[in-house]
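Enquirer: I would like the entire structure built from these sequences, with the hints used as guidance.
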Amino acid sequence: MRHYPSAALLAAFALSAGFAHAETVLSVTTDGNAETVAAMEALTAAYTAAHPDITFEIENRPGGADGDNLVKTRLATGEAGDILQYNSGSLFQALKPVDTLVDLSDIQGSVIDSFKSVVTAPDGTIRGVPFGPAMGGGIYYNKKIYAELGLSVPKTWAEFMANNERIKAAGKVAVAQTYGDTWSSQLFVLADFYNVQAAVPTFAADYTANKAKYATTPAAMAGFQHLEDVYKAGYLNEDFGVAKFDDGVRMVATGEAAHYPMLTFALGNIKQNFPENLEDVGFFAQPGDDPARNGLTVWMPAGLYIPAASTHVAEAKDFLAFVASVEGCNIMIGANGATGPYLIKGCELPKDVPGAVADMMPYFQADGMTAPALEFLSPIKGPALEQITVEVGSGIRPAAEAAALYDQDVEKQAKQLGLPNW
Amino acid sequence: MTRNSLSVRQRNTGLIATAAAAVIFITPFLYIFFMAMKTKKEAALFLFSWPREWHFWSNLTEVIMARNYMLLLAYMNSTLITVGAVTLLILFGAMVGYILQRRPSGWNRLIYAGVLVGLMVPPAVVPTIWVLQGLHLFKTLQGMVLIQVAYGLAFSVLLYRSFIATIPRDLDEAAIIDGAKPLQIFVKVILPLLRPVTVTLIVVQSIAIFNDFTNPLYYLPGKENVTVQLTLFNFQSQFQSQFNLLFMNILLVTIPPLIVFVFFNRQIVAGMTAGAVKG
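Residue numbers (the numbering used here), protein chains in the order written: chain L, -18 to 403; chain C, 1498 to 1776.
Careful, some of the hints might be misleading.
[Claimed, not checked] Residues from chain L that face chain C, not an exhaustive set, calculated with beta carbons under 8 Å: (1) Asp12; (2) Asn14; (3) Glu40; (4) Ala57; (5) Phe255.
[To be verified] 30 Å max Cα-Cα, derived BS3-like pairs, lysine-lysine: (6) L:Lys362 x L:Lys213; (7) L:Lys149 x C:Lys1538; (8) L:Lys125 x C:Lys1537; (9) L:Lys298 x C:Lys1720; (10) C:Lys1720 x L:Lys252; (11) L:Lys153 x C:Lys1538; (12) L:Lys124 x L:Lys213; (13) L:Lys225 x L:Lys153; (14) L:Lys153 x L:Lys124; (15) C:Lys1538 x L:Lys124; (16) L:Lys97 x L:Lys332; (17) L:Lys332 x C:Lys1537; (18) L:Lys136 x L:Lys125; (19) C:Lys1538 x L:Lys332.
[As the list claims (entries may be wrong)] Each pair of labels, with its calculated beta carbon distance range: (20) L:Gln368 x C:Ile1756: 39 to 49 Å; (21) C:Ala1621 x L:Gln368: 24 to 34 Å; (22) L:Ile377 x C:Ile1513: 32 to 42 Å; (23) C:Thr1751 x L:Ala31: 38 to 48 Å; (24) L:Asn191 x C:Met1617: 38 to 48 Å; (25) C:Tyr1566 x L:Pro272: 48 to 58 Å; (26) C:Leu1690 x L:Val294: 52 to 62 Å; (27) C:Ile1513 x L:Glu129: 50 to 60 Å; (28) L:Glu22 x C:Ala1518: 39 to 49 Å.
Bear in mind the hints are in silico, worked out from the structure with no lab data behind them. Backbone N, C-alpha and C define an ideal beta-carbon position, used for all residues, glycine too.
Expert: Following this line, the structure appears as structure tokens:
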């Protein structure tokens, strides 16, 4: 405490003497994923090299529900620092961005439009920039098993099930499921959204407006049906009820199982734990009924935001503009390799990407071959979906009943958000 | 047969009990130990097995050096918070307990109700942060110490109050006759007698505070303010965890409370039996 007056005096002196180079420390909060940290450290190091008067303090927060509470608490108390990394889409909306985050509409020059829409606040301003690659939701497959049994990548769900039958006949596990991590059970439902949209283009809007339901839309219910089908046919690994995400990744990477439905970020896990198996793994979008319309459901990357209470908005904004540039994008690719496309105009992926990423790229290059996951198009995502999908995937509840139950679950959230027509 | 030797049945019962306790308490620790020695790949299998390759030293150095020696800073912060908070808890807990027990007045009932409320009503995070911000104590170790004191004080007061009830008033009166002032009675007569309950409190509270996760998470943000439990997030995240390093970190974090417990354990038992025999 005794230092305080003298420090203030010194600062006053420094200002009056005209030292313009005040050292600024920007505090950054990110989740603890190894890739997030590596990318953030590379970006901040590069930025400090170019702007020596700006340094960074990176702090990690937990993920999941703990992290959600923490971020909301810090925003509510004005202690969220200068830069915040957090999900885009419906979780971003839950932060009440109009009140808590700074408007970043003027640094969106290089950002691809599809990302802007998932960080747009209700008042139409854009409040975030993309951080990290977009992810695809689909099915990983083991290339060695496919080669051994002479299988080809399925374009329809029927072909997928036929492949599974042959894999099972060969005495192998056809589909790995890991309900020990309940969130991983949702993939067949969530990654099916491209097919839902292909069949019913207005589903997202109707669903938000309470006009369409999972239980009454056959295309939407297919995801639940798929979960039930793979369980009933006996394609799953024996320990599907307790296995964890890490087990699923191991099974498909080392050939213990032929398929694992998952998002593309699992590649980082394979790269860390099974680098020698990285090229044994391929990826395809979750197939629907129509072979001509076989596209990928895409998850948008997290965003970087500036909390409204930040005292260094100008500096933080300049840094975020740097992140949202081709240069920043290349630094992120340099730090982590390419696990998916970056949403920056003019940012090319290197040629030597892992096989599973190469499998995913064609979907992005053609028009209309990707659709954002439902959680980026509609603010409604029922909190109990993962419990319901575990029930269906374990044969406890039939698909039709589950879809109806999920519609009820969704209703609670829609009412909480105060959406019209609910 | 000498007096000290056990019968066969007694010996067998003892052996079985020891074996059961060993399985229950040592197995998880062994699991942590083995996981901490493995490579990333082997640790991701989650098997309770002998490590194929021993990576004790490389894992240890990697954990300690992670994020610019964050673990060492965390040890220091956690130790400061624990020592500070436990000291204050003992001091204030004993004082309040003493007064509550020895000086009956109309206020006692109200104060005691306040203590019970403090024990039962869960604290709210956001208003607490507002208070800390108002006092300029948010994001400081002192603030964290006060939070831990506030959360733990009710329990300490309860323990001390009921323990002081077992100390005969004759002692106080003897001291008064010898000319001791109230403060002297407390410091010179009562406080030394409180040793057994104080040791119990030290063990219980220091382990709880050292291992606390949620309170530092909410009340002590900032890179410089990290505590040991928060360092676990260096290696654990939702989608990608380095389990060998995570378990090595758990191992390192578990050691200080273990030392406290082993060190004071004998005294807890000694304190309990001493009180019992005196009657």
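Enquirer: Against this structure, judge whether each hint is valid.
Expert: Results for each hint:
1. Asp12: holds (6 Å)
2. Asn14: holds (4 Å)
3. Glu40: Since chain C brings a Cβ to about 5 Å from Glu40 (chain L), closer than 8 Å, the hint holds.
4. Ala57: At about 6 Å, which falls below the 8 Å cut-off, the nearest Cβ of chain C leaves the hint on Ala57 (chain L) intact, so it holds.
5. Phe255: holds (7 Å)
6. L:Lys362 x L:Lys213: It holds: about 27 Å lies between the C-alpha atoms, which stays within 30 Å.
7. L:Lys149 x C:Lys1538: holds (27 Å)
8. L:Lys125 x C:Lys1537: holds (24 Å)
9. L:Lys298 x C:Lys1720: Between Lys298 (chain L) and Lys1720 (chain C) the Cα gap is close to 21 Å, so the pair holds against 30 Å.
10. C:Lys1720 x L:Lys252: Status holds; Cα separation ~29 Å.
11. L:Lys153 x C:Lys1538: holds (23 Å)
12. L:Lys124 x L:Lys213: Given that 30 Å is the threshold and the Cα spacing comes to 25 Å, the pair holds.
13. L:Lys225 x L:Lys153: holds (19 Å)
14. L:Lys153 x L:Lys124: holds (14 Å)
15. C:Lys1538 x L:Lys124: holds (21 Å)
16. L:Lys97 x L:Lys332: This hinted pair holds, its Cα atoms lying about 27 Å apart.
17. L:Lys332 x C:Lys1537: Roughly 28 Å separates the two Cα atoms, so the pair holds.
18. L:Lys136 x L:Lys125: Holds, at roughly 19 Å.
19. C:Lys1538 x L:Lys332: holds (27 Å)
20. L:Gln368 x C:Ile1756: 39 to 49 Å: holds (42 Å)
21. C:Ala1621 x L:Gln368: 24 to 34 Å: holds (28 Å)
22. L:Ile377 x C:Ile1513: 32 to 42 Å: Given a distance of about 40 Å, which is inside 32 to 42 Å, the answer is holds.
23. C:Thr1751 x L:Ala31: 38 to 48 Å: About 43 Å separates the Cβ atoms of Thr1751 (chain C) and Ala31 (chain L), which means 38 to 48 Å holds.
24. L:Asn191 x C:Met1617: 38 to 48 Å: holds (42 Å)
25. C:Tyr1566 x L:Pro272: 48 to 58 Å: holds (56 Å)
26. C:Leu1690 x L:Val294: 52 to 62 Å: Once the Cβ atoms are compared, 60 Å apart, the range 52 to 62 Å for Val294 (chain L) and Leu1690 (chain C) holds.
27. C:Ile1513 x L:Glu129: 50 to 60 Å: holds (52 Å)
28. L:Glu22 x C:Ala1518: 39 to 49 Å: holds (46 Å)
In summary, the structure agrees with every hint in the numbered list given earlier.
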